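The UniProt record's numbering puts the first residue of the sequence shown at 1, with every later residue one more than the last.
By construction, these hints were calculated from the structure, which means they are not laboratory data. This one's a predicted model, so the numbers in the text were calculated from it and none came from an experiment. In this text, a Cβ means the ideal position worked out from N, Cα and C, and glycines have one as well. Be aware that one or more of the hints could be misleading.
Computed Cβ-Cβ distance ranges for the label pairs, DEER-style [stated by the list, open to error]:
#, residue 1, residue 2, range
1, V32, G11, 55 to 61 Å
2, F22, A45, 33 to 39 Å
3, V8, D37, 40 to 46 Å
4, R44, L12, 46 to 52 Å
5, P55, A21, 56 to 62 Å
6, E33, A5, 29 to 35 Å
7, E47, L24, 33 to 39 Å
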Amino acid sequence: MGEIAVVVLGGLLQLAVIVYAFVLVKRVADGVERLEDTVDRRLRALERALQPPEPRDQVSWPDQP
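Put together the whole structure using the sequences plus the hints.
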């Protein structure tokens, strides 16, 4: 009976380790995805900052006498 308990506990321990590994991988993947989003946002902001300013409409003043 003791051998069965050891085998069952060993199997449960293996299952717990596998579940923990999947959870850990999921958390790392979520972190990488958030990091990619942050890098994309900052890169777009940098690209906008490096673009030359748009020309503004020139206001023409009437000639003064």
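Status of each hint after checking the structure:
The given range of 55 to 61 Å is broken by V32 and G11, whose C-beta atoms sit roughly 32 Å from each other. In this structure the supplied range 33 to 39 Å holds for F22 paired with A45, their Cβ-Cβ distance being about 35 Å. About 44 Å separates the C-beta atoms of V8 and D37, a value consistent with the hinted range of 40 to 46 Å. Between R44 and L12 the C-beta distance comes to about 48 Å, which sits within the given range of 46 to 52 Å.
Between P55 and A21 the beta carbon distance is about 57 Å. The supplied range of 56 to 62 Å therefore holds. About 42 Å separates the C-beta atoms of E33 and A5, a value inconsistent with the hinted range of 29 to 35 Å. Judged by the Cβ atoms, the range 33 to 39 Å given for E47 and L24 holds: they are separated by roughly 35 Å.
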